[in-house]
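Novice: Chain by chain, the residues:
2 protein chains.
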Amino acid sequence: MITPAVDIATRVYNHAWKIDPIIRSLIDTDFYKLLMCQSVFRNRPDVNVTFSLINRTPSVRLAELIDEGELREQLDHVRDLSLTRGESTWLRGNTFYGKRQMFRPDFMEFLEGLRLPPYILEKRDGQYELTFEGPWPEVMLWEIPALAILMELRSRAVLKGMGRFELQVLYARAMTRLWEKIETLRQLDGLRIADFGTRRRHSFLWQDWCVQAMQEGLGEASQGGAFTGTSNCLIAMRRDIEAIGTNAHELPMVYAALTDSDAALRQAPYRVLADWHEEHDGNLRVMLPDTYGTRGFLNGAPDWLAGWTGIRIDSGDPVATAEYAIRWWQSRGEDPREKLVIFSDGLDVAEIAMLHARFNGRVKVSFGWGTLLTNDFRGLVQGDGLAPFSLVCKAVAANGRPTVKLSDNPEKATGPADLIAHYRKVFDVGPQERRALAV
Amino acid sequence: MITPAVDIATRVYNHAWKIDPIIRSLIDTDFYKLLMCQSVFRNRPDVNVTFSLINRTPSVRLAELIDEGELREQLDHVRDLSLTRGESTWLRGNTFYGKRQMFRPDFMEFLEGLRLPPYILEKRDGQYELTFEGPWPEVMLWEIPALAILMELRSRAVLKGMGRFELQVLYARAMTRLWEKIETLRQLDGLRIADFGTRRRHSFLWQDWCVQAMQEGLGEASQGGAFTGTSNCLIAMRRDIEAIGTNAHELPMVYAALTDSDAALRQAPYRVLADWHEEHDGNLRVMLPDTYGTRGFLNGAPDWLAGWTGIRIDSGDPVATAEYAIRWWQSRGEDPREKLVIFSDGLDVAEIAMLHARFNGRVKVSFGWGTLLTNDFRGLVQGDGLAPFSLVCKAVAANGRPTVKLSDNPEKATGPADLIAHYRKVFDVGPQERRALAV
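Chains as they are written, first to last, in the working numbering: chain L, 1 to 439; chain G, 440 to 878.
Calculated directly from the structure, the hints in this document are not laboratory data.
The structure displayed is predicted, hence computed values, not measured ones.
Warning: the hint list may mix true and false statements.
Anything over 12 Å on all C-beta distances counts as not near chain L; from chain G, calculated [as the list claims (entries may be wrong)]:
1. Ser-521
2. Arg-603
3. Gln-607
4. Met-614
5. Thr-615
6. Glu-655
Not the full set, but computed from the structure, chain L residues with beta-carbon under 8 Å of chain G [to be verified]:
7. Phe-110
8. Phe-165
9. Thr-176
The beta-carbon is built from N, C-alpha and C at its ideal position, and this holds for glycine as well.
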């Protein structure tokens with residue numbers, strides 16, 4: 001006997017009546033956040049970091065859509081959360097990438113005692129300025145819940161006032177759309193794809209539905225299917241599927257901000273991965289090379305990095321970058337066919353199919369499908385008020401020094417303009433192609 | 440706080456595991472069955488009638504799709520049902536068409552004591568032969584549950600083996616389709632439309648969903664909307680909406696079969712309505728003239744019938760028939776603008792819009808929307824295995840004499856060929872247009 005699936009439309013309808021917490025668990029977050037947190041807890045526990053919310057789609061005026069009181073209630077609720085016994089057991093006892101006890105006992109103790117630090121919320125120019133400041137291993141865990149809360153409050157604001165059957169049909173249409181995507185993906189021989197859609201999901205229940213649809217529609221990788229897992233720990237735990245993820249830009253950004261010379265700055269991204277190298281092997285040795293430009297990063301990389309399992313491509317032209325990585329591995333005497341290339345930047349089905357056709361077999365291809373998996377409601381309400389938008393929450397300062405991210409797309413660069421210019425010089429970043437931000 | 444809507448896909452999925460009764464209440468039937476039952480109980484309680492299931496779409500081989508054991512279980516379950524206290528209270532206390540105590544105390548006592556009589560089930564040539572024989576007021580109540588059971592068992596048979604999310608998406612598509620129909624109907628100024636879809640519904644839960652979607656999408660007639668109610672008593676009771684219906688072909692068919700002369704046969708349809716006239720007034724005085732040909736019926740009708748509230752058009756060319764009725768009223772000195780014309784034959788949105796445009800204002804137009812409201816899954820599964828089909832359950836004999844129905848479409852005629860020929864002569868039915876049966 002299967003437990004009844006939650007009726008999403010009814011739940012949304014009920015939001016008009018009562019408070020319904022968006023984040024109900026500290027592990028309703030991306031798996032790589034916990035991996036990075038453990039690394040930071042070991043290597044840089046005392047760095048003071050500031051995370052800030054940045055809405056890269058200013059036309060979506062969040063402070064006009066979302067009630068400040070409701071936002072505070074949701075954020076306050078997250079501060080009340082702590083790791084439950086079951087969550088702790090799952091983290092301590094589970095096998096991740098075939099490895100037991102990925103999380104060390106000292107880190108688990110820290111996590112079990114953790115409450116998220118305070119937030120600072122202000123309104124400016126139709127937007128919320130939401131900032132988190134504190135010890136890096138603590139504040140870094142605000143990123144995903146903060147994003148998910150804002151995304152879902154925005155969904156709720158747009159849906160408020162819709163009738164119950166109008167809502168059912170809205171979700172019916174979104175389900176149909178996703179299922180058609182999955183039916184297309186099912187045609188791709190040898191596909192491997194994971195859910196990376198926590199941060200910009202339409203809602204928690206919707207992400208949960210999407211993951212289950214992927215599970216059934218594509219089959220689980222452990223049983224010969226294409227679906228490799230989800231980045232969301234809570235859903236992975238509840239649905240008994242693989243939690244997926246490695247590391248992200250915040251590590252090189254903070255490491256870089258803390259350096260005192262151009263030479264040290266230039267080495268910062270490798271320093272991050274040297275720390276990572278010590279802790280992890282196998283599928284967790286996946287580099288994210290684009291923080292200060294992929295080409296420069298690969299050109300200057302030490303040989304031990306060429307021995308890593310793979311690379312994640314998260315900005316810029318994915319074809320050109322993957323081709324560059326293949327040539328780079330070949331130049332270092334590595335066989336690209338043994339290497340993993342994870343595409344994760346603003347993907348949807350057509351691009352997944354194109355990249356799969358081009359690279360499958362030449363490298364081991366995998367996809368991290370985010371916003372357009374868990375939040376594709378484009379065109380489904382009047383005024384397209386549910387279209388996804390580009391909201392991020394980034395480390396903007398470390399020990400009082402501003403951080404910088406360049407990426408392979410200048411549209412994704414963050415940091416003070418003069419520092420961006422300085423970083424571009426230090427990392428020898430040439431002209432970059434400007435690419436519109438899908439999400 | 441709203442109670443959560445049932446997740447239909449999950450329920451269907453669960454059918455693989457346990458018995459799930461299709462008919463759970465004696466009033467999960469059409470309202471007009473109860474009205475007619477009361478009339479029969481008063482006027483012809485001792486007639487012995489045989490009802491038989493007839494599948495007018497022989498390509499749907501029901502006996503190959505549906506397990507006999509499952510069918511027997513469902514039919515046996517109906518025989519265990521009796522009127523609950525709440526159902527009795529609702530029937531006794533409710534207002535129908537503004538009238539209290541529509542059901543007389545002696546009839547309610549009969550109904551409260553009623554258990555449905557036995558059934559005879561055989562398999563022949565890939566079809567089920569399902570027959571009910573007994574006192575007319577008892578066997579007549581088998582028609583709707585028998586049809587609904589076979590329709591839903593067929594749905595379940597086709598859906599068995601589908602994955603849970605495949606099912607969700609199937610229902611998502613069907614919901615989207617219905618909502619688009621409702622959005623089209625919403626444009627029609629002054630529309631009045633009811634659910635007549637019990638007998639050939641996809642399933643009970645689906646009909647319930649469709650009714651609620653109509654309720655929300657069109658608004659209730661009592662509040663200025665277009666949705667006038669449902670023929671289904673159980674749904675009307677639970678959703679607190681109007682139960683709708685008047686009378687059907689079985690009355691003239693049985694009355695006719697019992698006559699002993701051509702003169703009496705010719706008068707039988709009017710005799711039915713004379714009995715009805717004594718019992719009911721207002722909105723219940725709606726004639727169904729097509730049993731033995733609409734034109735002959737109207738030409739020979741007594742003048743008191745021209746004073747009735749309206750007419751239901753259930754076969755043949757609806758435009759021609761409605762025009763004929765308008766001319767008939769005019770010839771009898773009646774103002775057609777005061778008359779109700781209910782269209783109820785195989786309707787879908789395009790035809791509803793066409794008939795509404797043509798007749799609204801010239802008469803009071805109303806629609807009874809059946810199969811393509813509650814069972815439009817055309818094209819949604821491979822092989823179109825869920826397409827609706829034309830299943831009926833008809834009175835085939837009365838006191839051992841075969842019944843005959845001609846209707847305005849020879850495709851809908853039932854009865855022995857020689858008797859059909861005789862009836863055509865007695866009722867002076869000329870050439871008839873053959874129309875394909877939509878459903």
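Novice: Against each hint, give a clear statement of whether it holds in the structure.
Specialist: Hints and how they fare:
1. Ser-521: Per Cβ check, Ser-521 of chain G is outside 12 Å of chain L; nearest 29 Å; holds.
2. Arg-603: violated (6 Å)
3. Gln-607: violated (6 Å)
4. Met-614: At roughly 4 Å from the nearest Cβ of chain L, Met-614 of chain G sits no farther out than 12 Å, so the non-interface label is violated.
5. Thr-615: Incorrect as stated: the minimum Cβ-Cβ distance to chain L is 5 Å, not above 12 Å.
6. Glu-655: violated (4 Å)
7. Phe-110: This interface hint is violated because 38 Å lies over the 8 Å limit.
8. Phe-165: holds (4 Å)
9. Thr-176: Holds, about 5 Å.
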